[in-house]
Every structure is written in C-alpha cells, then in structure tokens.
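So the chains spell out like this:
There are 2 protein chains.
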Amino acid sequence: MRRPLIAALLLASVAAPASAATRVEHAAVVRDAALAKSEAYPILEDLTTTVGQRMAGTPAEARARDWAVKAMQNAGLANIKTEPFPLKVWIRGAESAEIVGSHPQKLAVAALGYSGATPAEGITAPVVYFADYKALEDAAPGSLAGKIAFIDHRMMRTQDGSSYGTNGPVRRSGPALAQSKGAAAVLIRSLGTDSHRNPHTGGTVATPGTDPIPSLALSLPDAEQLARLVQRGPVTLKLVSTPRTEMGTSANVSGEIPGSAANEIVVIGGHLDSWDLGNGVIDDGAGVAITLAAAKAIKDAGVKPRRTIRVVFWGAEELGLLGAAAYAEAHKAENIVMAAESDSGADRIYRVSSKVSEAGLPLIAEITRTLAPLGIAPTRDNNAGGGPDVGALGRQGAGILELEQDMSRYFDLHHTPDDTLDKIDRAQLDQNTAAWAAATWLAASDDRPLRTK
Amino acid sequence: MRRPLIAALLLASVAAPASAATRVEHAAVVRDAALAKSEAYPILEDLTTTVGQRMAGTPAEARARDWAVKAMQNAGLANIKTEPFPLKVWIRGAESAEIVGSHPQKLAVAALGYSGATPAEGITAPVVYFADYKALEDAAPGSLAGKIAFIDHRMMRTQDGSSYGTNGPVRRSGPALAQSKGAAAVLIRSLGTDSHRNPHTGGTVATPGTDPIPSLALSLPDAEQLARLVQRGPVTLKLVSTPRTEMGTSANVSGEIPGSAANEIVVIGGHLDSWDLGNGVIDDGAGVAITLAAAKAIKDAGVKPRRTIRVVFWGAEELGLLGAAAYAEAHKAENIVMAAESDSGADRIYRVSSKVSEAGLPLIAEITRTLAPLGIAPTRDNNAGGGPDVGALGRQGAGILELEQDMSRYFDLHHTPDDTLDKIDRAQLDQNTAAWAAATWLAASDDRPLRTK
Chain A
9 MRRPLIAALL
19 LASVAAPASA
29 ATRVEHAAVV
39 RDAALAKSEA
49 YPILEDLTTT
59 VGQRMAGTPA
69 EARARDWAVK
79 AMQNAGLANI
89 KTEPFPLKVW
99 IRGAESAEIV
109 GSHPQKLAVA
119 ALGYSGATPA
129 EGITAPVVYF
139 ADYKALEDAA
149 PGSLAGKIAF
159 IDHRMMRTQD
169 GSSYGTNGPV
179 RRSGPALAQS
189 KGAAAVLIRS
199 LGTDSHRNPH
209 TGGTVATPGT
219 DPIPSLALSL
229 PDAEQLARLV
239 QRGPVTLKLV
249 STPRTEMGTS
259 ANVSGEIPGS
269 AANEIVVIGG
279 HLDSWDLGNG
289 VIDDGAGVAI
299 TLAAAKAIKD
309 AGVKPRRTIR
319 VVFWGAEELG
329 LLGAAAYAEA
339 HKAENIVMAA
349 ESDSGADRIY
359 RVSSKVSEAG
369 LPLIAEITRT
379 LAPLGIAPTR
389 DNNAGGGPDV
399 GALGRQGAGI
409 LELEQDMSRY
419 FDLHHTPDDT
429 LDKIDRAQLD
439 QNTAAWAAAT
449 WLAASDDRPL
459 RTK
Chain B
9 MRRPLIAALL
19 LASVAAPASA
29 ATRVEHAAVV
39 RDAALAKSEA
49 YPILEDLTTT
59 VGQRMAGTPA
69 EARARDWAVK
79 AMQNAGLANI
89 KTEPFPLKVW
99 IRGAESAEIV
109 GSHPQKLAVA
119 ALGYSGATPA
129 EGITAPVVYF
139 ADYKALEDAA
149 PGSLAGKIAF
159 IDHRMMRTQD
169 GSSYGTNGPV
179 RRSGPALAQS
189 KGAAAVLIRS
199 LGTDSHRNPH
209 TGGTVATPGT
219 DPIPSLALSL
229 PDAEQLARLV
239 QRGPVTLKLV
249 STPRTEMGTS
259 ANVSGEIPGS
269 AANEIVVIGG
279 HLDSWDLGNG
289 VIDDGAGVAI
299 TLAAAKAIKD
309 AGVKPRRTIR
319 VVFWGAEELG
329 LLGAAAYAEA
339 HKAENIVMAA
349 ESDSGADRIY
359 RVSSKVSEAG
369 LPLIAEITRT
379 LAPLGIAPTR
389 DNNAGGGPDV
399 GALGRQGAGI
409 LELEQDMSRY
419 FDLHHTPDDT
429 LDKIDRAQLD
439 QNTAAWAAAT
449 WLAASDDRPL
459 RTK
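Line by line, the protein sequences are chains A and B. In this text, residue positions in the first sequence follow the working numbering: the first is 9, and each later residue adds one. In this text, residue positions in the second sequence follow the working numbering: the first is 9, and each later residue adds one.
A few of these clues could be false.
Because identical chains cannot be distinguished in the list, a pair is counted as satisfied if it fits within a single copy or across any two copies.
[Claimed, not checked] With a cut-off of at most 30 Å between alpha-carbon atoms, the simulated DSBU-like pairs for lysine-lysine come out as follows:
{"id": "1", "residue 1": "LYS307", "residue 2": "LYS96"}
{"id": "2", "residue 1": "LYS114", "residue 2": "LYS246"}
{"id": "3", "residue 1": "LYS45", "residue 2": "LYS96"}
{"id": "4", "residue 1": "LYS246", "residue 2": "LYS142"}
{"id": "5", "residue 1": "LYS246", "residue 2": "LYS78"}
{"id": "6", "residue 1": "LYS78", "residue 2": "LYS96"}
{"id": "7", "residue 1": "LYS114", "residue 2": "LYS78"}
{"id": "8", "residue 1": "LYS246", "residue 2": "LYS312"}
{"id": "9", "residue 1": "LYS114", "residue 2": "LYS189"}
{"id": "10", "residue 1": "LYS96", "residue 2": "LYS312"}
{"id": "11", "residue 1": "LYS340", "residue 2": "LYS96"}
{"id": "12", "residue 1": "LYS189", "residue 2": "LYS78"}
{"id": "13", "residue 1": "LYS114", "residue 2": "LYS461"}
These are calculated hints, taken from the structure and not from any lab test.
Sequences are here, hints too, so could you generate the full structure?
Structure (structure tokens):
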C-alpha cells in the first residue's frame, strides 16, 4: 500500500535537500524497509561464522578487522580507516576446579579477564563462603590468608540490565578485595541469569602495583552445587588457571556516509572484540551488524544526510574500554554532534533515552515519534549513557542517544560459551535495526545542535 | 479435609489384610501423601550433591553404592544387597576440536562412550558432511579414507522421546558405519533438543573385532557453526580425544519391603550410574530418588504389601545395560511378577502403559483409575517396554508396567554437563513419585497374575 508514496519520496530526496517534513517521511521509509528485511542478520552470520570469537589484541580480532573493512566496503561506506593502539593482551590458559576430599567432583569454571595464574600444577586450599560482596567487605584483614574466597550473590533478570550494575562489583573488584584480605584465589558465582554449565567470564580490576590473584567464575549450577557442599562442611578445592599477558595491538575501524555538512559527525557503532568463550554474537557482533545494517539501509534508501554518519567498530572494549579511550583521545578535536552505541544484545529496542542540549530535545521527540510504531516508548529523562564505548565522547560533549534494548535474556548468554548465532531472533533484530536506521537518519539529516558542551 | 478418612484407613490396614476396596483406598492415601510432600527431592539432592557424576565402573559409582545402601537403610528397606559384576570401563581423556585454516576456531565436543583415541597430538583431516544417517549409508566404500565424517541430522522435541529412537543410529552405529567406509574419525551433531554449548555424550556400538575410531559429539550450536562453514568451502579439523578403557567392577544394589507372599516380587528402580559430564540428576538420579521415595511412601503409610517390593538400582546402564543383563541372569529363577524402571527424567507422568498377562489387565485398569486424578491418561496398548533396565526381565516373562514421563525437555539435558539439580521442578517430581507410590502399592497388594510367560 505504501510503495507508491515511498517511491515518490525517494525521488524527491534525490532531487532536493530534505525539508523538515520529508526528513520525517524519509525516516519512516528507512524504518519500514529495515523492518521488512534488514541486512543485520547476514552481516552478523558472516562475522560470527567466519571469524568466531574475537578476543582483544589477538589474531582473531585482527581477522575481524579485515572482515570489518570488507563489510564496510560492501555496505558502500567511504573513508574507511583502521586506527591501531597498543594494549596488554590477556590470554586464557588451562583452567579447572576440582573438589578434593570426601565429595570429589569437577566444577565448571572460567578465568576472569586480567586475573592471575596459579602454578601449572594448581593450588589446593580451603574455601571460605561469602553470601555477597558486603559479606566479603566485612571479612577481617588477613582472615583469608591461604584460602579461596567464594563470593555468592543473586542477580535478577531485568529488562534494563540494571542487576548487572548492582552485582558488578562481585566480579570487577571482588578479586582485588579478597586479595587485600590475603586470599590465595577467588571464585565467584557468574554474573548471569541462566542455569547452564557455561561460566560467564568478564573483566576484573586489579589494585595498582599488585599482581592479581587467580580469579574464576563458576557456572550458576556449579555455584549452587558448591554452596550446597559448603553447607555440609569444610570444602577444599584444587584450582588450576594459567592465563598470561603480553603486549599487543588492537584497533578501531570506521567508515562513513559523508554528509553535506561533513564536519558535523554522527557516530554510531558497536565493539568488534568479544570474549573468547563464545562467538561474540550478542556481545557485540549484534551491535556491529545492527549499526552497519542501519547505515546501509540509509544508503539503500538513496537519501543523503546533512551530517556525516560515521560507523565505528571499537576494539578491546571487553578489556576496559581501551578502544573507546583511544578513539576519544584521537578524535577530541572533531565536531561529533551525537554518539550512540549498540551493545546490549540483539533483542527489541523498547525505549529511547538521550543526553543532549536543550536545543536538541525537539529532535529526540521527533525520533521518539518516529519509533513509536515499533512499540518503542519515549525517554524518561535526558541523562543517558549511550553505551560503554561512547561514554568518553559524551564526557567530551557529544550528544548521546541511547536506544535501550530489551536485556531480559541478555545475561543468560553474556560472556559465556553460549553466545552463539542460534540465539538470534531475527524479528527482534530487524526491529532493532529499523529503530537505529530511522533514528540515525533523523539525527544526521538535522541541523539542531545536540552537544552538551 | 481427607485426614480423618486417611487415619481410619491406616488403622484398618494395620489391623487386617487389605480387601479389594481398601487396597484402592490405600493407594489413594499413598498417592496423596507423596503428592503433598515426597522424599524424592531430598534424596535426589543428597545423591547428586555429595556424589555428583557416577560414571560406571569408577570410584564415583562405588561411592554412589555406599550412598545407596545408606539411603535404603534410611528408607527402612530390608534385605539390602550389593551384587557386583565386571565390566570394561571407559574413561574420558583430553578432548578438543579446532578448525584449522582460514577460519580457525574451537568447537565444543565430547567423546562418545567406548569411542577410540587419537594420538595425544591429535589428528588433522578434512571434514566430509552428511546431512543424515542415510546419506552416510550411501557413501561409497573407502570414500572416507583419512577423513572425518560429520553426521548432521534433526532431532525433534517429542513428549514421548520417540525422536531419540529415530535418531539413535547417528550416535550408536554412525561411528562404526563411517569406520567401515574408511573414516579416520566421526563427529555427530549431538542427539539433543537444546541450543547450548554442552555436547551430549552417549554410548556407541563398535563392530566386533575392530578397534573403534575416535568419535565425538558436537554441541548443537557447534554443529550448526560447522555446517555453515562447510557450506562456505572445504573445512579441515584438528581433533584430540584420548579416552582409555580398563577392566573394573560395577554392581546392582537392591533392598526390599518384604511381602506376606514374599516369593512374589515387584521390582521397581532406576540406574545408579550416570554419564561423567553432568551430575546425573535427570539421568538417572531422578529414577533412583522417585522409586526409593515411592517405596518409602508405602512404608510410611504403615501398609504392608502382599508381594515383596524390591527397589533395584542398576549399575552400568549407560555402557550398554550391563547391570540389567547381570541382574536378569542372576535372578532368572525368581518369581518377578512385575518390573518397572523410572529412567526418563523427573517431569510429570502423563500415561500408563503395560505388558502383562490377560489376567493382569484389570490391575492395570485399577492403576489407571487411581492415577487419573494426577492427570495421567490410560495406556494405548499392552506392549510397553518398561524402561531399559527391565527389558531383560520382561523378556524372561516379568509383567511390565511403564509410567510414561513427559520427556519434552529431557533431551535438552540428557547426557550433557547441564544435567544438574537446578533443572528439577519439584511439583512435577512429586506428581511422578505419587504415581509410582500408588501404582507400586496396587501391584504389590494384589494377587492377580501378571507374568507373560
């Protein structure tokens, strides 16, 4: 029914600069075309099948960059650039956990990023149970000398992923906290909401000047098994984990749809690196695919933006936003008017958030109205983060758009071996891509200021 | 509301032999008491927490036997016996699969029972894809020389588990079939219905007089990844699998509620061994717990059966029904009037089946009527198998009762690392136990003949 209108609009768009009316009408065209059939799935399938996992600083991440350059070429982007930066690479070694004594059994574990190593033959030590992070905080100094601290906790399934924020310290600073009390090693219940034997890895933050202790995540069934055994009496564990670090190189990759006001830049993207256990599909192959497919949908619609649309695939997000920091430093002189990252999976967008100047709020309202037919709700406030890799750009003054994804099942898969292609729901992926395409077009075809400083 | 009636019935049962009417009334009492609160969960929790996996012929299975003797004592069973038998034990070694070449990545695999070993450094060979077992059958003799056969297939989610029967040859005889055509090794898509990185192990049958080749199961996401890569061009894999075999000992454990006609025996039970990857909860800790809890429910009701109720925990089921064969041979002279095994998980019973003499059919009808309030449907025919470990007893003439379990999610977990306690739904487990308790009581308090020869 709408096809004749679309054709007329497309002809109009090529013929003349977009008026306010046609900007919004074009957004609907781009939105509906992506919703009907986006390119996100084939892009995601190709990246995660041919490259698989993309651990930061490794040859796999380098293969992903080669893939990214070709994918951006295929999408018709211009000015494709690879911007390298050095980093300390963390490489997983052998790892195992085994209860010794009267209830001998193996537990499924995965070492945490930047955690330290045991000797090759492992360490054997008694387990001390902590019901949560607060309980570990309350442990007396020196009380964990020669012991393995086991930090349990309960993470809830939440649509906005907020329970990851609440429980994040268990993984990020739990190891350093236990080390400060003398612990020989740390086991945490995975930050996750599933019930499979797939531990959730993730980054840790060491206390400066210390060599981090071995720290590993237990799968949720294994954490529950260990908790049951601890209730029955003292438990001794043999732990092996032999990761190593070395200096290496990562890079950010970017490509553009140049705008007529080329020095005004709208940045969208995802991070190219992933953890090593899965295939990096929901984290964050999806963000790469969604934002590249959104750009391609705009290209394919034949409309030309006023602002430059730049798609950025950051490197080494998982090891501490290293690509994001390098990118923000290298591009601080640019006029990045808006930045937005897709890094919360591949399910539906359910809400728009922003952090833009007062003058930019009418644009956000326009985006919200355009996304409403996708079932997307307006923002609650103008204080969004916009995704991990655009945080630094936002602090430099870039306006922030956040298309909030439904994260209800994200932490079933996040940082696990289970982050694989079969988890993708194509209808949700296409709704997501449609929202990104329409919102990006509206921001890039506009001239209202968005920067907050 | 029913308590006064129950108390009256229990008093009556102690005072006098059960009449036809009170037999059925007692069955309802036993059923409802188990439904309200069965002992199955604490029994299952204890076995699978304190022992964990129970691979046949290993020290873990021996620990499970010690546990079983104590659990039968706690349940008040008499005549507790352990009957050892020798077996060839299969012990998993190191195992890995890695795509080499332009798309290098690791795949999640698990070696199959009684499969052969690669050299310690592994083998590297091209992959030949077969869409199903039939396609492998059609391969020319010698055509797989030096190659790795990958057998794909599609298993469906079915309530009665019938898709496992249909696809069973992929795992059981696929390796020997590929070997007969020269294959160096075999990879199969796991026999499973889940989408997690947990391969499903299971038994294989070697061609007599041959040394089996290495054969491994891919998790379903990995099988799909490999299938996508094969579509893109030739794939070469490096496989490592170093299992070994050695002679060892397993055993069957049994205990009884002696009946007044003690030489008529009703056998119920499950198998004590499990695969090594998970904790053997649904396969078959649940069968052990359900049948022991059913016997305990009968004991706790204070009713005394006419026939002896014997609870049997078979050993080494997973390695080819070895305990079942030893048991049937050792007990062939006994008058086992009925035999039934619980070995299909821990979810609800949905249907009664049987294979009994004509004279026994009224008893089956009585059982069916008594289980109807649990939502359980009558049998379709009188040709049931009764569970793997009672097949041999049935062939010797024992009447067979089968309480068919809802297997809709059984093959998500079966033979995987994911067979863990968190998967148990206590309401379903108690319904299951209630059905077993009532059916066992009805069969054991009866005098109608059931044997088929």
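Status of the hints after comparison with the structure:
In this assembly of identical chains, the alpha carbons of LYS307 and LYS96 never lie at most 30 Å apart, being 37 Å within a copy and 65 Å across copies at closest. Proximity of LYS114 and LYS246 under a CA criterion of 30 Å is satisfied in both settings, with 9 Å inside one chain copy and 26 Å between copies. For a Cα distance limit of 30 Å, the shortest separation of LYS45 from LYS96 qualifies neither inside one copy, at 40 Å, nor across copies, at 56 Å. Only within a single protomer do LYS246 and LYS142 lie at most 30 Å apart by alpha-carbon distance; the minimum there is 26 Å, versus 46 Å between protomers.
Taking the shortest alpha-carbon separations for LYS246 and LYS78, only the inter-copy value of 28 Å comes in at or below 30 Å, while the best intra-copy value is 46 Å. Within a single copy, LYS78 and LYS96 get their C-alpha atoms as close as 27 Å, which meets the 30 Å cut-off; across copies the closest is 54 Å, which misses it. In this homomeric assembly, LYS114 and LYS78 come within 30 Å of each other (Cα to Cα) only across copies, at 24 Å, whereas the closest approach inside a single copy is 44 Å. Taking identical chains as interchangeable, the C-alpha atoms of LYS246 and LYS312 are never at most 30 Å apart, the minima being 61 Å within one chain and 49 Å between chains.
With identical chains, the CA atoms of LYS114 and LYS189 are at most 30 Å apart within one copy only, with a shortest distance of 27 Å there and 38 Å across copies. Taking the shortest Cα distances, LYS96 and LYS312 never come within 30 Å of each other, neither inside one copy (41 Å) nor across copies (72 Å). Taking the shortest Cα distances, LYS340 and LYS96 sit within 30 Å of each other inside one copy (24 Å), while across copies they are farther apart (69 Å). When the C-alpha separation of LYS189 and LYS78 is checked against a cutoff of 30 Å, the pair qualifies neither within a copy, at 50 Å, nor between copies, at 41 Å.
In this homomeric assembly, LYS114 and LYS461 never come within 30 Å of each other (Cα to Cα): the closest approach is 54 Å inside a single copy and 47 Å across copies.
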